[in-house]
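The chain contents come next:
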Amino acid sequence: MNAAVEHVAFSATELLVVAIARLLADCRHVIVGASSPIPGAAALLARACAGGVLHVDVLGSQRHNHFTNGGVETFDLAAQGRVDAFFLGGGQIDAEANINLVGTGDYPASAVRWPGCFGSSHLYFLVPRVILFREEHTRRVLVPRVDFISAPGTSAPGVYRPGGPWKLVTGLGILAFDRQRKRFALESVHPGHSVEEVLDNTGFAVEVPPHVPHTPSPAPSVLALLRERVRAEIAETYPRFAATL
Amino acid sequence: MNAAVEHVAFSATELLVVAIARLLADCRHVIVGASSPIPGAAALLARACAGGVLHVDVLGSQRHNHFTNGGVETFDLAAQGRVDAFFLGGGQIDAEANINLVGTGDYPASAVRWPGCFGSSHLYFLVPRVILFREEHTRRVLVPRVDFISAPGTSAPGVYRPGGPWKLVTGLGILAFDRQRKRFALESVHPGHSVEEVLDNTGFAVEVPPHVPHTPSPAPSVLALLRERVRAEIAETYPRFAATL
Amino acid sequence: MIVDVDSLVSGIADGTKLAIPQDAAGVSMAATRALVRRGVRDLHLVCVPIGGLQADLLIGAGCARTIETSAVTLGEFGTGPRFAAALKAGTLQILDATCPAIHAALQAGQKGIPFIPLRGLLGTDLLTARPDWKVIDNPFAPGDAIVLLPAIVPDVALFHAPLADRHGNVFIGRQRELLTMAHAARRTLVTVEEVVARDLMADPDLAPGVIPATYVTAIAAAPFGAMPVKFRDDYSQDDNAFLAYVAAAANDAAWSVWLAAWLEEAGAVSA
Amino acid sequence: MIVDVDSLVSGIADGTKLAIPQDAAGVSMAATRALVRRGVRDLHLVCVPIGGLQADLLIGAGCARTIETSAVTLGEFGTGPRFAAALKAGTLQILDATCPAIHAALQAGQKGIPFIPLRGLLGTDLLTARPDWKVIDNPFAPGDAIVLLPAIVPDVALFHAPLADRHGNVFIGRQRELLTMAHAARRTLVTVEEVVARDLMADPDLAPGVIPATYVTAIAAAPFGAMPVKFRDDYSQDDNAFLAYVAAAANDAAWSVWLAAWLEEAGAVSA
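Chains as they are written, first to last, in this note's numbering: chain A, 1 to 245; chain B, 1001 to 1245; chain C, 2001 to 2271; chain D, 3001 to 3271.
Chain A extracted, bound-state conformation (with noise of 0.2 angstroms):
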């Protein structure tokens, strides 16, 4: 309150690309899935923040991917309990976290299908710290109950799951995930936007708790990182996406 706030303009990717970041800090390892710019540079702004103690691994990056064992690394490595966070999406994401990249519609006969299920039916049981990442935030993505479920939120009780959903990062704002209690709740609400407008946006219940605060801006420093440093390292990877921050 003292000292005078230095304020940065930031863009909404900023917003987002800082905000993961931040999920990631306590991290010891961190695989990046193929198409996944935002998660990408969020990771990669992780480790510059960690100062090089956080292991990244960006798919599709030759410089920012140590794995000499091929694709299968990336899962044996999560099997063997390395990993600590990765990102899935989510063509539907329901009330109980199950995400559906397959389509909509009836199966195999999709009405609208998406590419498939990639690692998503294996890793999202074995990552300790799954991140939900979808920008869209509609009652079209975020619904009642997915069409086909690629990875369930949750499982029944004996089944070997180390892992599993932790947060749900969209355009409005960030939701954790209660494995327990099998439901989300609503844990901020991103600058410019409302806690009505995430529930108007949202399908199904979601838990509000009484003070909802906004997703933190980022602080100088970090963009500073983020627009020099990691724009840099993501540009390998994703060129035109480097463009745009």
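Keep in mind that the hints were calculated from the coordinates and are not lab data. Be aware that one or more of the hints could be misleading.
Claimed, not checked - With a straight-line Cα cutoff of 25 angstroms, these simulated SDA-like cross-link-like pairs (lysine to any residue) come out:
1. D/Lys-3230 - B/Gln-1062
2. C/Lys-2017 - B/Arg-1082
3. A/Lys-182 - A/Ala-111
4. D/Lys-3134 - B/Ser-1155
5. C/Lys-2230 - D/Pro-3204
6. C/Lys-2230 - A/Gly-60
7. A/Lys-167 - A/Glu-187
8. A/Lys-167 - A/Arg-82
9. C/Lys-2088 - A/Ala-111
10. C/Lys-2134 - D/Ala-3145
11. D/Lys-3017 - D/Asp-3004
12. D/Lys-3230 - B/Ala-1034
13. B/Lys-1167 - D/Leu-3122
14. C/Lys-2017 - C/Arg-2037
15. B/Lys-1167 - B/Lys-1182
16. C/Lys-2134 - A/Thr-154
17. C/Lys-2088 - A/Thr-104
18. C/Lys-2088 - C/Ala-2129
19. A/Lys-182 - C/Leu-2127
20. B/Lys-1167 - B/Thr-1215
21. C/Lys-2230 - A/Leu-59
22. C/Lys-2230 - A/Arg-231
Dock chains B, C and D against chain A, hints included.
Just chains B, C and D now, with coordinates in the frame of chain A:
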């Protein structure tokens, strides 16, 4: 009969190398295990005679070993069905071609302990032509029944077993194993030895056909190949053995 | 062993179970064109572990009857359009999978074992869609359900690599799944940027990244043979080619025109 | 990450399940001496897939309670003499195995799966001696009996490699089982001939033969650290050292003298 036969003196070792190489003539891929100088030289000789069509991997060699997937590759390759011939030894070999690489007496406190099973318990099942090679041909080695079955000579119907024992090569002769009838038959006796000598030194019954030929003497051209090219090639892995050729 | 691209693909008969890599690992678009030109039919594609332009094109050209894959994606250009259309039309059998399942099943093929277990999968609709996958009680820990996958043994593995030598050794660098594919498959066909005179196995620095000749059935030189797909640091994805592909693939008439034009192109694939 | 040899082995507590490679792959005799000096006890040795001088010496020095191996051999010098003596005396628990079983069980550890099937083994006395291996009916082909091996997850993998860099990347070349060991083990300790300044992962030719730093707990420089065991093309086996070892190991009194002398040597292991 008409042509004058050229005579070149050869050692007992050279006879063995050439005799084994002859067995490998129509193979596509032969692997030679550790501590196997005579089979190693034989495989390299067979390759030289085949004009390069035959793949040979000599374990322990850098130059004549093409594996790039570590120690497991030998076994994977055999399980894929790509290996035509492999060599196994045995502290004991019995009438039904069971082999013992573990020891004599009460296991595990063996009276005499040998190194162990190595890959035999797997490869004996998978490689179509396993050549048992043991220079010592005595009743101590060729016993009625082994004390420990590292790998069985035959298996019950229904057991997955594309491979098994094919020949037994010793310092006295060559025996062929009949998997249906579960017994060895004498195929040839090395020059300077007799059928009686073989039978006297074998601890189990062997079928003896009416006429048992001598193992053919090495042709001069083959001996020349062995003493020049193959001797140089095997020297990389077995320098002292090569010096004796 | 060193042949031209047309001879290379002559070994891929109708009905072949054909393993192909993901875009980042080295996709032989040169061989794909030769294969479509020849009019191959009824392929069972095994995408290791996902398919891209190559798979979508083979489906669109009517060459594939079945696809086993964890996804078909053109990256930022979305789901493979001919793949999605074929599924909707019911003209393509899909064996949906998840990346580690394809890797593990291929490793089982490599090891000559009939099956391999995999964690995860329980409670997914994927498991329901794959009756060829079995759930058993872990014999080492009763009460612990686990999925068993049958081994994948492709008839042919087909991919693009940077270098080969005249002995048939192929350098793949860190793209280790190509080695697993070659080990698991009965036959392996490779296009390469360059065939070199030196022995790749003789260089102790390069040898760790080599598939030895034992596993390689035939090799064809095809410079820029992955285009318009990105290939290592050698060349980037041709975005304009992808845009043209996606636009044409959106409807059947435009697609036929695009395909005919692509098949007539003589040189490197420019889509 | 880069430490001295004594610090390196300080991470190997009594009772550790310790994976060690076969001689040809790179054996850390330097770390072995430090370990014996420290008086480690009750090791469970996992030989990948066979043991040599290192295993025999650890047994002879009273450091091992259990050994899981497909053989203990000094090559042309025969069965490991202290290994054979300990078995006869009943002071060593033996888990006899076969090479592909150790490789496969370690690969199961690497893949985080609880077990893996393996062909062969049926009808052997090995199977009788290993009640921890189970025979099941192949769920994909009733009537086809097959052996399941539980995964091996070593506490520590310990080996010797040619190069490491300051980031913790270790170059192993074609000795791929070292990578499997590092993936499967909870911690990996490595001695190397040389620690280099450059980044080994940045060289696209060398990278395929590298274990990335993720898997590597600590590294110590130990030039000639495999002696008297052969190490790649760098140095040959010291036959005189082996002869002296075998002679001393033949009886308990001579062995104690040999061991005390060996432990007092300061520099590279010359046995």
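Inset, instruction - Just pull the numbers of the violated hints for me, sorted ascending. - result: Violated: hint 3 alone.
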